[in-house]
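Sequences are here, hints too, so could you generate the full structure?
Residue numbers (this note's numbering), protein chains in the order written: chain A, 1 to 530; chain B, 1 to 310.
There could be a bad hint or two in this list.
[To be verified] Per the computed footprint, the stretches of chain B lying under chain A, defined by three or more beta-carbons under 8 angstroms from a beta-carbon of chain A, are: (1) 28-34; (2) 165-173.
[Unchecked claim] Every beta carbon over 10 angstroms from chain A, so not counted as near; a handful from chain B, in silico: (3) Gln38; (4) Asn49; (5) Pro104; (6) Ser137; (7) Val138; (8) Arg204.
Quick caveat, the hints were computed from the structure, so don't treat them as lab data. Every value quoted in this text rests on a predicted model; they were computed, and no experiment measured them. Think of the CB as a built atom: it goes at the ideal place given N, C-alpha and C, for glycine as much as any other residue.
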Amino acid sequence: MRTSAKPAACLVALFALLASGGARADVLHRFAVIAGNDSGGADTRPLLYASADASKVYDILTRLGGVRTEDANLIIDGGASDVLSALGKVEKQAAEAARHGEHTALFFYYSGHAKDGALRLGESRLPIDALKGLVAAAPVDVRIVILDSCRSGSITRSKGARKAPAFAIESESPRDAKGMVILTSSASDEDSQESDAIGGSYFSHHLASGLLGGADKSGDGQVTLFEAYAYAYDRTVADTAESAAGAQHPTFSYDLAGNGDLVLTDVVSRHEGVYFPRQAPSGVYFLVDRQGFVAAEINKGDGVDRRVALSPGRYRVKRRLADRLRVGEIDVPRGALVTLEEGSLRDAPFSADPVKGGSRVELSARWSVGAGLGFQSVFEAPDGAGLFPPTALVDIDFALRDFLRRDWVLGFDLAGGSANGVAPVVETPFHFTEASVAAALTVEWPHRYLTPFVGGRLALLLMNRTFAENVFPPQFYATLSPGIVGGAAYHFSRSTSVVARARLHYLLYNVDGNRSLGYWELATMVAYDF
Amino acid sequence: MTFKRLFLVAGVTTAIAACGDYSNEDLLFMSAVPSSTQLAVVLPAAPANVMQAELAQDTHSGIATVNSVLDAVLAVVDTVRSYEPTSRSANSRTWGPFADSTHPGWQAQLEVSRASEDATVFTYELDFASTANPSKSVTFLSGMFDVAGGAKQGNGSVTAYFADALAAGYPLDATTSQYDTLMINYQNYQTPGSPVSVTLTINRAIPDPNGVIMVTFTYTILADGSGEITFMSTGDVVAGTGTETVTIQAQWLPSGVGMGTLKIVAGTDVGLTQTECWDATFEVTYNDKPWSTSEDFGNASMCPVLPSFP
Chain A
1 MRTSAKPAAC LVALFALLAS GGARADVLHR FAVIAGNDSG GADTRPLLYA
51 SADASKVYDI LTRLGGVRTE DANLIIDGGA SDVLSALGKV EKQAAEAARH
101 GEHTALFFYY SGHAKDGALR LGESRLPIDA LKGLVAAAPV DVRIVILDSC
151 RSGSITRSKG ARKAPAFAIE SESPRDAKGM VILTSSASDE DSQESDAIGG
201 SYFSHHLASG LLGGADKSGD GQVTLFEAYA YAYDRTVADT AESAAGAQHP
251 TFSYDLAGNG DLVLTDVVSR HEGVYFPRQA PSGVYFLVDR QGFVAAEINK
301 GDGVDRRVAL SPGRYRVKRR LADRLRVGEI DVPRGALVTL EEGSLRDAPF
351 SADPVKGGSR VELSARWSVG AGLGFQSVFE APDGAGLFPP TALVDIDFAL
401 RDFLRRDWVL GFDLAGGSAN GVAPVVETPF HFTEASVAAA LTVEWPHRYL
451 TPFVGGRLAL LLMNRTFAEN VFPPQFYATL SPGIVGGAAY HFSRSTSVVA
501 RARLHYLLYN VDGNRSLGYW ELATMVAYDF
Chain B
1 MTFKRLFLVA GVTTAIAACG DYSNEDLLFM SAVPSSTQLA VVLPAAPANV
51 MQAELAQDTH SGIATVNSVL DAVLAVVDTV RSYEPTSRSA NSRTWGPFAD
101 STHPGWQAQL EVSRASEDAT VFTYELDFAS TANPSKSVTF LSGMFDVAGG
151 AKQGNGSVTA YFADALAAGY PLDATTSQYD TLMINYQNYQ TPGSPVSVTL
201 TINRAIPDPN GVIMVTFTYT ILADGSGEIT FMSTGDVVAG TGTETVTIQA
251 QWLPSGVGMG TLKIVAGTDV GLTQTECWDA TFEVTYNDKP WSTSEDFGNA
301 SMCPVLPSFP
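Following this line, the structure appears as structure tokens:
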């Protein structure tokens, strides 16, 4: 009996117990260790979406997979020691649960580089055999290992691996299941590929789409391990068949005593997402989130319905026909299952494809605007402070995201402010005003709540000062000022965020002679994403 | 593109894009040359419908002379200095040559220099030249300013060469064309909170109708607007006795309330002194005129309490 389970988790478990069908939702106490790392060390090229894939899987497992957040460990860009630490923590938790008579399961997911028989987490390495041994030794009943990395199939090569669609397994009570299942994104001699168009690796993308409901072949609202694998396999092979790197074949290793299939996600209980009715046309539907990522890719068959348990938000929908696209938008409110009406979609040419083969601009480019207050101070230097006094600024920022490249932000900003100062030597008060217009190119790393960013900026500074009682004529200075910018945005709603930002700029002053001055700026602002 | 080349391009672009006249050094050089308003004497004007006190009238007249001659000399400096310096070096700033808009066919150039970056003494010259022959210039103004006492303590001198300018063909007005030179000595220049003391001497090339060839004005302006001026005047002060030479000293408060003293120093009744006080409308409140007692008025208690002037 799990006395510490939260009400939502209890409801999921209760629902799972009551649900009918060949593969019942189990009452396993589920633990998860989910790791993603874009970096694989010095001799590898950085991945683009490994961390994002891990975050996506974490979100699905905690939202739909019956894994309580306190039992889930998400490690983004962490090292091998972080993974080992998380496994150690889960072992203790699982042992405690077992002492209470609970049936337990461990999900281990990794997205990132693997090379020479080891997972490459940044500069650290975790030998795959060691990982396998650790998971195998964990005090849990069921172990599910999912590796999305190059040549990950090597882990399954020795035993029970199949490079083929899932096979049917007679289901018994999942409580009786014991053992290990391993899914890998590619065979032992294959690379695992990422796609800019879908914003993730093919395998994790299709696995996630399947877990969200796309793989629910039985239509019972629950996605089992085998359904998810079969879906991911089919879609990954299909998508990569024509790629330059060649087809990518996920593998599957099964070693479960009791032969019980496992329900991985329950897409019914939350009653939240998009519902594709039976009469909706068949085909592959893409649901693109506001950041331009393909949140789900659903292959809907003829005469069957599908539900996709997307999180609340606004999504762009696309279905590809032979001669055109059908596109539209759909809002998923919190706690609502929204039916996608074919009538809400409109025809669009292939050039307007928001996903594959279409313009990247249309895929995800979006504007945001922000306004806030800042403070600027010229570094102490000969005449530096007396020339340009510390100044409070009002900032207005415009940002175009994902226009040049995903997660690249082209920014334009205007700022103005004024301050009073005293000219040194002549000790005359003056009033200083400044206006600036600037362009910036930053790279950001979007996370669920926090998005850090860093980049470069080029500002045109227009500065003027007038003297008390006009004892001296006004003075003016204009210069281009290159600099760097960094900060973070905290998203407190889907469209609104608070941004904290710092800038460090070079300022060439050349009136009295060439002087390299610099200045720093701090600002905070509220930004709104359109 | 290598990083080195990238930085080079960025640096060149920045340098090309940087421009302006925002300079503390310029201010230092500018401050060496006084503006007309910095040395001007400010005394509120009398209302039009008021019979001014006799010495108040004399004071206004003397101040008008001072301000007009300052304007004639320094207004052109103000104009030239309102532009960005044409050239800068470590120890000099040059403005111009710029066309003299009030005198077509002439151009002006102002150069302010110092001996070294540590020097406290600045010297300057304002030259005029005909645009027809720009290489032949005439020095109209020269001066110096010493900031040895710091930004709040300085003293300087200015000399204007009217006769030289006139001889070079520079068009002067009817008044200044009769002058030879103007010499100004001043201290604590443009210093809020500190008094400005000025001695201004006009040397005439042509004597005035009373034969006066040199006039000196000495004045002090306090930060609050109180002031004192002393000057000499010649005329028929004691009616019907011929020409007398007198010194007039006037002091006033910012409101205009003041007191004047006239002392006969040459001519009839040498040594006699007239004392007169006036209110904010410059109407007499007290008059003690020994050589014309019928004009005596009020009593001395009506006179203002004035600050002490250095």
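Hint-by-hint comparison with the structure:
no.	hint	result
1	28-34	holds (count 3)
2	165-173	violated (count 0)
3	Gln38	violated (7 angstroms)
4	Asn49	holds (32 angstroms)
5	Pro104	holds (24 angstroms)
6	Ser137	holds (24 angstroms)
7	Val138	holds (26 angstroms)
8	Arg204	holds (32 angstroms)
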